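Q: Listed in order, the protein sequences are those of chains A, B and C.
Heads up: the first sequence begins at 3 in the numbering used here, then just goes up one per residue.
Heads up: the second sequence begins at 47 in the numbering used here, then just goes up one per residue.
Heads up: the third sequence begins at 8 in the numbering used here, then just goes up one per residue.
Warning: the hint list may mix true and false statements.
Stated by the list, open to error - Computed cross-link-like contacts, BS3-like style, restricted to lysine-lysine with a CA-CA straight-line distance of at most 30 Å:
no. : chain 1 : residue 1 : chain 2 : residue 2
1   : C       : K184      : C       : K36
2   : C       : K350      : A       : K140
3   : B       : K308      : C       : K230
4   : A       : K131      : C       : K184
5   : A       : K279      : A       : K242
6   : A       : K19       : A       : K211
7   : C       : K276      : A       : K94
8   : C       : K355      : A       : K140
9   : C       : K187      : C       : K18
10  : A       : K94       : B       : K61
11  : B       : K61       : B       : K308
12  : C       : K355      : A       : K135
13  : A       : K131      : C       : K350
14  : A       : K19       : C       : K350
15  : C       : K184      : A       : K134
16  : C       : K276      : B       : K204
17  : C       : K184      : B       : K147
18  : C       : K230      : C       : K210
19  : C       : K18       : C       : K127
20  : A       : K131      : A       : K94
21  : C       : K127      : B       : K147
22  : C       : K276      : B       : K61
23  : B       : K61       : C       : K184
Said to hold, decoys possible - Residues on chain C that point at chain A, a partial pick, calculated with CB under 7 Å:
no. : residue
24  : A66
25  : Y339
26  : A342
27  : L346
28  : G347
29  : Q352
30  : P360
Treat the hints as calculated values from the structure; they're not laboratory data.
Here the structure is a predicted model, which means the values were calculated and not measured.
C-beta: ideal position from N, C-alpha, C; glycine also.
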Amino acid sequence: MSAVLQQAGKAEKGVLKGAIRIEDVVKIYDPDGAAVMAVDHCSLDIPAGEICMIVGPSGCGKTTLLNAIAGFHSITSGSIYLDDELLCGPGKPMAQPGSDRIVVFQNGALFPWKSNLDNVAFGLMMQGKLGKKEIYDKARSMMADAGLSGTEHNFPGEVSSGLRRRVEIVRALMNEPKVLLFDEPYRALDSLTKSVMHEALLEIYYKNKVTIFFITHDLEEAIFLGHRLVIMTSRPCKPKKIIDVDIPHPRDYSVLTSTRYRQLMDETVELVHEEAKKAFSAGEKEG
Amino acid sequence: MNIKRFRKELFSRSKLRAIIAIFVFLALWELGSRSNEWFGFTPPWIGHVPAPTAVLVAWYALLGDPGYWQSWYLSTLRVLAGFFAAMLIGIPLGLFMAVNKTFNGIVFPAFEILRPIPPLAWVPASIIFWPTQELSIAFVTFLGAFYTIVINVVGGAKSIDVRFFQSAQSMGSSQWDVFRRVVLPATLPSIVVGSAVGMGITWEVVVAAEMISGGGGGETGSGGGLGFFIWNSYVGGSYEQIVVGMISIGIAGFICSELLRKLGSFFTPWLKKR
Amino acid sequence: MEIDQTVALLKRSMPFQTVPNDVLEAIAKLARYESYARGDVIYHQGDFADDVYIVSSGAVQHTLGIGFQAIHPEKILHSGDVFGWAAVLENQRSRLAKTVCLERTELIRINGEELINLFKASPETGDIVMSRFATMINKEYTLPEEVAGHVPHFTQVPVTVATGLTLTMFRLSQWLKSPKPYLMLTGFGILLATWYFTVEVWKLPRFVDMPGLTEVFKEWFSKDPIYGLSIYTPEYYQHIWVSVRRILIAFFLATVLGVPLGLFLGWSKTFREYVFPVFETLRPIPILAWVPLAILMFQGSETPVIFLTFLASFYATALNTMLGVETIDESYSRAAACLGASKWQTFKEVIVPGAMPFIFTGLQISIGVAWFSLVAGEMVSGEFGLGYVINTSYTMVRYPTIVIGMITLGIVGYVSSALVRVAGDYMMQWRVRELALGGR
Chain A
3 MSAVLQQAGK
13 AEKGVLKGAI
23 RIEDVVKIYD
33 PDGAAVMAVD
43 HCSLDIPAGE
53 ICMIVGPSGC
63 GKTTLLNAIA
73 GFHSITSGSI
83 YLDDELLCGP
93 GKPMAQPGSD
103 RIVVFQNGAL
113 FPWKSNLDNV
123 AFGLMMQGKL
133 GKKEIYDKAR
143 SMMADAGLSG
153 TEHNFPGEVS
163 SGLRRRVEIV
173 RALMNEPKVL
183 LFDEPYRALD
193 SLTKSVMHEA
203 LLEIYYKNKV
213 TIFFITHDLE
223 EAIFLGHRLV
233 IMTSRPCKPK
243 KIIDVDIPHP
253 RDYSVLTSTR
263 YRQLMDETVE
273 LVHEEAKKAF
283 SAGEKEG
Chain B
47 MNIKRFRKEL
57 FSRSKLRAII
67 AIFVFLALWE
77 LGSRSNEWFG
87 FTPPWIGHVP
97 APTAVLVAWY
107 ALLGDPGYWQ
117 SWYLSTLRVL
127 AGFFAAMLIG
137 IPLGLFMAVN
147 KTFNGIVFPA
157 FEILRPIPPL
167 AWVPASIIFW
177 PTQELSIAFV
187 TFLGAFYTIV
197 INVVGGAKSI
207 DVRFFQSAQS
217 MGSSQWDVFR
227 RVVLPATLPS
237 IVVGSAVGMG
247 ITWEVVVAAE
257 MISGGGGGET
267 GSGGGLGFFI
277 WNSYVGGSYE
287 QIVVGMISIG
297 IAGFICSELL
307 RKLGSFFTPW
317 LKKR
Chain C
8 MEIDQTVALL
18 KRSMPFQTVP
28 NDVLEAIAKL
38 ARYESYARGD
48 VIYHQGDFAD
58 DVYIVSSGAV
68 QHTLGIGFQA
78 IHPEKILHSG
88 DVFGWAAVLE
98 NQRSRLAKTV
108 CLERTELIRI
118 NGEELINLFK
128 ASPETGDIVM
138 SRFATMINKE
148 YTLPEEVAGH
158 VPHFTQVPVT
168 VATGLTLTMF
178 RLSQWLKSPK
188 PYLMLTGFGI
198 LLATWYFTVE
208 VWKLPRFVDM
218 PGLTEVFKEW
228 FSKDPIYGLS
238 IYTPEYYQHI
248 WVSVRRILIA
258 FFLATVLGVP
268 LGLFLGWSKT
278 FREYVFPVFE
288 TLRPIPILAW
298 VPLAILMFQG
308 SETPVIFLTF
318 LASFYATALN
328 TMLGVETIDE
338 SYSRAAACLG
348 ASKWQTFKEV
358 IVPGAMPFIF
368 TGLQISIGVA
378 WFSLVAGEMV
388 SGEFGLGYVI
398 NTSYTMVRYP
408 TIVIGMITLG
418 IVGYVSSALV
428 RVAGDYMMQW
438 RVRELALGGR
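So here's chain A without its partners, still in its complex pose:
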């Protein structure tokens, strides 16, 4: 974790929350008797407030890990803690989904039948903690902060996909989560939109300082955003190498042309490509 971040975090909120500890997690799928190991004795420590980028080829089992943290899937053995509190582990195979860990989905999961504003207000309305007026006021101001004014009454289908992702992140942040779980959210975007999205995400992050668990197969994205890269092996999935990205935050797009960025690219590209090839030939056998 970078020193800048630590200082910034302490100055603003005192102690940051949202540390994830993954201990020796194994996940075996058993669809029709043939056991398939998706996650293999995976251990990982993510300090609070870190942007941790999980990099690996498509279908390597990264999403399984995310689903276990979010509480969508059970794990076979091992345990996962959030701020030293057991999410899932022995005796509790599946975590309870909750608003302290919010997922931003691969294809986006804004409710198409609700306006953007209603989407943003959804979480707090469901939890019933605040009055309707307070919730909508908060939603409006958060949308304004993220540069989304003017799209409140549009349906998600009426705004660009980049804007939709931003609304989805704001929807998550409304609930003041400890952790944001990103499941390749920018996969479907073109590279130009992506670059805008990355800067916007960092901007939101500097304001909110939540732990970010970000799954991707895009190395550029990983190095640009992350404090650390965790490069995963192809199925079954476990950390192959962890790399600290020592480019200081706050970052902007000038980072992409820096020498350090190039060096990091050179260091990691070989590792990732190797796994991608393994995954590809395994995929061919399956087909």
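Please arrange chains B and C on chain A, whose structure you already have, making use of the hints.
A: Using the frame of chain A, we list chains B and C on its own:
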């Protein structure tokens, strides 16, 4: 290992629940039907339905009756006749309508104004027109499947991605090649869907046509199909046999649909899920 | 594109249809030709509105923003359709809609300001064109009159939004220019001629027994029908009413019971595992095989027929609703769970709205099968109704009445399906608007 898997499959939770549900359903039915003789109280609706055990007894007695099997045979024959006639006329007609705009412009509106008339409304007209009752029942059955098949074929052929044509033409296909190698296979899935729906409708129609027209069955008049079997059981007061007839038609329809589904997936292997 | 081709295209478009040729040629000179690939976005909502577009070939999807209160925000445009009219509105300088090409599309674009300047030279024509623009915006794009009223005007007389008649006349003239109506008439002609000639003129074997065309229609429209049923006899309407009433009751019950059942079947796995097997066991039994049992169960003649009709509708509604729930992307329920929604809240906020389009499709199928079963039920055991008319007319040898019954059945069935479709469209619109306004 295999045995273990088999046992696991057999006793999987969903199977178990299905068995429980059907058993409970049958038990409630039995209770409802028998409550008159057991408790001297006739519950509404279900109280007039013969009990499942009584139905089983009646069914067992019928298994040796050639008239019962004759009904199966006759109904199946009519369904198949109507169904194949509908395929034979409906598929080329649908394809031609999709390919030729002028033909479509002429036929489609006429087709659309006839379509809202339910097939069964044709029964009396059909009896007047066709020389034998056999033919008139087959005609109504044909109508049932015909509309669905045509609509599906036209829809399927019209929604073929233009890029398929473009790529076929860019690779030098002739008109006939495009028809045979692009239009036909691309329409096959819709033909399969249309046929499956059509098959369901033909069983619906054949039952009613048999009931309304009094069974047909030529000069002998004996055993005029399963629909007639049901109606006859009703008129004759053997209520258990009504339910036997209903279940028999259910089974027959189910078998036909399953066979068609198998056949359909055989002809469209590329739609198989990985 | 050649000038005369452009002129021809302009003539096919609603706003420019009546413009004199010399003005059209001047407009055509302003036009620039462009071609787009499938999936291209021509402009987004909020973009600067500079040009007016006219589709030459292809198809363009035009989606208006919710804020503009269009009744139908979605519209597919084809050859001759005009869009991008925000470029001629006086108070609008940004696009109100997003436009996407659905296939390879060719179009011409005309700069709005240049067009307006051109009309300053011929103000009368300009006013006509602009009034037709206003009509198009109001009637075709279903936007409120305030929006349409912002077209510029060139003479002292303010532009008014014309009545729908202008538009109807335009559509009619376009339709009459296409081969469609003539082909359609040919089709009907062949159908009726076949009926007439085979039965009444050539008297072909078998056909001669059938009721003839003139016989049926004379009977149908006769004040003193030979067989007692025509549009002048109250019995005719009584039969229609009896059938419609049965359909209404059955359809209502099927919707009220089938939609919730389908929702629960799709939503709760446990519920589905218990209930669906029973449902699936009973479903292969054709509805019509239930006739005698229905008579036994419900006694009388009215309830059994309604029961049969209900059963058919019920299966269709419940199954489609269940299917609708199953097609909802799992991410939506997961997102709701993440955001702290309880199971019941997820059901209310995610499952029900997500399944809505499928529910309406189910209702359309449901009304169709309802008529199908009703006829069978009435033919076997009814005391009134159109199916009964058809069947008794056969046994009483009133052959023309059979055909009257069939035609009437077709018309009433068609109208009811159309009503369900329109109601479904309207309800969806209403939902969309309610949702859009909900947060305000």
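Q: Let me make sure I understand: some of the numbered hints might not hold for this structure. Which ones are they, in numerical order?
A: 3, 4, 15, 16, 21, 23, 24
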